[in-house]
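Visitor: Residue numbers (numbering that gives the first Met the number 0), protein chains in the order written: chain D, 0 to 455; chain G, 0 to 455; chain U, 0 to 455.
Just so you know, these hints were derived from the structure itself, not from any lab. Model, not experiment: these values are computed from the prediction. All C-beta atoms, glycine included, are put in the ideal place defined by N, C-alpha and C. One or more of the hints may lead you astray.
[What the hints assert, rightly or not] Cβ pair distances, simulated, as ranges: (1) U:Gln83 to D:Asp442: 23 to 31 Å; (2) G:Pro80 to U:Ile226: 36 to 44 Å; (3) G:Asp244 to D:Gln251: 38 to 46 Å; (4) D:Ser447 to U:Ala44: 43 to 51 Å.
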Amino acid sequence: MSRDPDRLLPEDPATRGIARELYERVRNAPIVSPHGHVDPALLVADEPFADAAELLVRPDHYVTRMLVAAGCDVPALAAGPPEQLWRAFVEHRRLFAGTATGYWLDDQLAGLFDVDLERDGADTAYAMIAARLAEPALRPRALLQGFRVAALATTDDPLDDLDVHRRARTALPGVRLLPTFRPDRFIDPEHPGFPEAHRALVAHAGIPGDDLGGYLDALAARRAHFIAEGAISADHGMVEPYSADLDAGDAQRLFARVVSGAADAVERRELHGYLLLQMGLMSARDGLVMTLHVGVLRNHSAEMLHRAGPDSGHDIPVPTTFTRGLRPLLARVGLDPEFHLVLFTVDESAWARELAPLAGFYPSVYVGAPWWFLDAPDAIQRYRSAVTETAGFYRSSGFVDDARALASLGTRHDMARRLDAGFLARLVRQGRLTGAAAERIADDLVDSIPRGVFKL
Amino acid sequence: MSRDPDRLLPEDPATRGIARELYERVRNAPIVSPHGHVDPALLVADEPFADAAELLVRPDHYVTRMLVAAGCDVPALAAGPPEQLWRAFVEHRRLFAGTATGYWLDDQLAGLFDVDLERDGADTAYAMIAARLAEPALRPRALLQGFRVAALATTDDPLDDLDVHRRARTALPGVRLLPTFRPDRFIDPEHPGFPEAHRALVAHAGIPGDDLGGYLDALAARRAHFIAEGAISADHGMVEPYSADLDAGDAQRLFARVVSGAADAVERRELHGYLLLQMGLMSARDGLVMTLHVGVLRNHSAEMLHRAGPDSGHDIPVPTTFTRGLRPLLARVGLDPEFHLVLFTVDESAWARELAPLAGFYPSVYVGAPWWFLDAPDAIQRYRSAVTETAGFYRSSGFVDDARALASLGTRHDMARRLDAGFLARLVRQGRLTGAAAERIADDLVDSIPRGVFKL
Amino acid sequence: MSRDPDRLLPEDPATRGIARELYERVRNAPIVSPHGHVDPALLVADEPFADAAELLVRPDHYVTRMLVAAGCDVPALAAGPPEQLWRAFVEHRRLFAGTATGYWLDDQLAGLFDVDLERDGADTAYAMIAARLAEPALRPRALLQGFRVAALATTDDPLDDLDVHRRARTALPGVRLLPTFRPDRFIDPEHPGFPEAHRALVAHAGIPGDDLGGYLDALAARRAHFIAEGAISADHGMVEPYSADLDAGDAQRLFARVVSGAADAVERRELHGYLLLQMGLMSARDGLVMTLHVGVLRNHSAEMLHRAGPDSGHDIPVPTTFTRGLRPLLARVGLDPEFHLVLFTVDESAWARELAPLAGFYPSVYVGAPWWFLDAPDAIQRYRSAVTETAGFYRSSGFVDDARALASLGTRHDMARRLDAGFLARLVRQGRLTGAAAERIADDLVDSIPRGVFKL
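Next up, chain D with everything else stripped away, as it sits in the complex:
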């Protein structure tokens, strides 16, 4: 579809007029992306993207999950020629009508390639995209520069030597590249990779396997390495937000039981909560912003996990509550303004009920932007509505794209800017904010707020 210049703005003409002006202030502002999953090797190699399927379909589980729902054999399609996967996607495009993914795809196709799938059809579109992908302006680094990306975070394993990041940094002088410390497999005994991660870290550190103090020191040393390489944050995923404060002796005994394989599920959960709390204490000491992504049951379908691996589109949310589970952590460092804790949820009932009240009191707590399934136009409006009346704008994280697809960065941040402009315009139209205040907030939401929350 051709792009409406007022897309995503409010329906009411007067409100839309205000929103348009707010959006124009920030539409070309640099992009600060403090959390995401772009592969830094892509930026070092800077090869052209192979084809439309490789750019927009194959690596994007938002897209492939819907093809599974349409009855396609996605693992087989993904292993075949790219035209075939692309045709399957175009054939089922009506499934994406009204979805956030559909909006991003249409916007990228039109904005980057002048493609309209309705008008062009699968094969013409494929050829048009192929022609453009060969141009220098559509190589990874040029795309980032075209989007005006000022800072870009990756997500990395604690044992990563970050050599690729160093090379990417040299290759992209204008962009602040931020590795992110993601220790899930080292601190979650239920993680399928825990035994191997534990083994690798104790070998790396040259410590006995059941020495908790040594294990924590080894994690702290890896954090120091990340900080030296430019990291600003440590990211954690867990199903249930849970922290536990244990006496050092009890913790040492629990750790030994878990690594020996003798512990039960309750003990493993307790150790996870204890190690998460230790990560929080380290964040308060070393300054890495702690981000927490919770409430998703990973790999719901064992069969698809077996056939297509993790991140293949069947991670499903569960009801989530933070109030009790984070209390031990916040009791230790919640009132420390140097500690920053950004909380992301896919259970939106927690926004008004828990996250806004927590962020409206603890100087350390910020409400993370709408994440994953909730990173979508209506959901973003619900987020601002749920969070703002209790916590305002300055206790939220600013937009976080969490993107894997580099080419989507422009669209994703543009969408957030349009929607925040619309939300602010409504408050102005309802006499709840002056125009001047709305302008300041619109500016801050794309600059000083994410920079402040993520210490940039």
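Based on these hints, arrange chains G and U on the given structure of chain D.
Guide: Structure of chains G and U alone, referenced to chain D:
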């Protein structure tokens, strides 16, 4: 009140204009009603409705519950002369202002009877309705034909011989009549009717009471009988969505313990989960669409249950989560596109959090239309907003009225069409959908979508 | 900011026009405030408020919590000179942009003091407020009269002799002053004040400490004292809504175990549920309206509790469900129309899911107004949207301010009136309500509804 031709359409004039055109496309489209509770005997007899109270008040627990709340002795009123019950309803009509029930009643009164309760008062309205009820156009079959009903489902007991359906089918040649297999009392050991249902089925099949294999075969045979009589779906109600996959020997032992009365609550829940999973496996084999209505605690008031029986207005929802409970069932047949599973909730927090992500991955899963208390104008908008951005329109069920009151069918489907037109119009106005795409979706929502989901 | 006369009204011009007329009907109607926390001693003394900080910042945990979040040492600031606390607030005012608190403060500053913080700055504003506070019109009693307060509830300890209320009543002849019986510390064994409260009540009544019958009689006698002094309601706070119906002998034994200190957490919860049910039975007998405020974990930060005491801004909500927990109480007196039970939640998912269905059936149950964090413009719209379609307007409580800050009463009720006018206007614009019906409901929401629910 006199009927506004633009009722339920969006407030913004430009959006309303788009909505009006979308609505006009589908306002007279045939009604597909794949799940509901109309009594087929009504269609065989085709007697005129007795009076206004019998048509609009007495059998409708949406209405009587509010009279209970108003302090009326409803069981006594329902046992008395109809004029008295009608007057009680009219006297308390302000309680329905702004409710979905109030909208349906006003719309039926105006559309079918030219009655306006404010203008006419209780007794005149009663007489006006009585005069019209005698007309042929207001008999049950003529009403259905006037509403352009193309397909109509009933809800039936597995041991029903379906003779009445056969007679109704003959009497209504233009309408596809669909019996629905509803086995709750045969598979839920906590159901008060379980002992009797179990006894009746084993007697019917001529098997020992503790023979699980025979019991399952007997249920499969009854499903085959329903299919032969035109059934397309099997419907299941349960408080907590729960499925359990057991080894055959364990299941046989569990079944024997439960039917002997020796089992505890945990074992009864486990058997219910196991039998639900077996119903799913049968659906994958015999093709009956599986619908699941969950999260309602039935008969909250023991006193009112005693005085007025079940379905007397005090079934109250509880918090509901599907992600973990349905995993065993989906592990078995979730990826099978021949298996169709339609999930209905009265806890709307599950829509964006769980149902849209599940339906956006599993080819078998569809998000059921807003059910019961949520089948109301604003709630329907919240539903589309919560579901669409993750699962689009084509993974939703299309409108399902779940109606008991035959005379309300026209109003109920008209309401859904107006609201979907309004939702689509907003997406067009915000540049998220082209006008052509919105037209196609509006058409599909009343035709190809429900027909596809329910295999019609 | 200067006050927009249309503030908080809907964006669409036609809808706004309808809303403006509805609002004009009720803007100057007397205020009925059936539940709140104004200190009656303030009304007896009738001293001028000391200064801006004392009026608007120090006693308001909605405000101070955000200063904590901004990194201020609020306990230290609160102990220092008022100018310093005021400057800290003004310096951080951008944190309140878009919040309900920010709206109330701006509205009070403009309406009572002609102050605009942006224009005037901290020190000028402080001086302007100081000048006005000396005027008779801004003393506590004059403020109440200026706001047209017709009835005002306080919240009081069961052992309070209510002498201050008697004096306040004499001093304020035009206002109906309503003490409220709040027995939490007497009936919740987990309350830190339970041992002392129990000791004080048995001493007051001259009964043995383990005599449950005597304890209940003593509570009933205190309720009678409150009723004699004008009380209309008894208010209860608990984390989890829970009631329990026990055999008298079991209850006596449980009570004895709890007061002896031998009981565990499960037994203490059970006793709390039993005593709550007894409070409900007493309400059905003595006529005090039972209000229930649930779902908040008090004093989340032990450190801030230690430094600043309770009500210092870190009470955080938890997920809340009522359906099962209130069933024993409703089984006893739920169908008694003389029993009134008003249910308040800070988990908004319960509104449509549980509270509206309960209030739409039980004559005793009313859905309480949006409470605490949810008493905010968008949340109030979500409340009406969630509740009305199932329970209408007449099963809701009408606006309840729950205010501690006397000077905010005018703004708070004005906000509710504007938002209800906007909600009603939308229903009119969508053809769901006639103009005449909307006018009647607007009138009733500020008068007959709260008077009926609270038996005024």
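Visitor: For each hint, tell me whether it holds in the structure or not.
Guide: Going down the list of hints, with the structure as the test:
no.: 1; hint: U:Gln83 to D:Asp442: 23 to 31 Å; result: holds (30 Å)
no.: 2; hint: G:Pro80 to U:Ile226: 36 to 44 Å; result: holds (42 Å)
no.: 3; hint: G:Asp244 to D:Gln251: 38 to 46 Å; result: holds (39 Å)
no.: 4; hint: D:Ser447 to U:Ala44: 43 to 51 Å; result: holds (45 Å)
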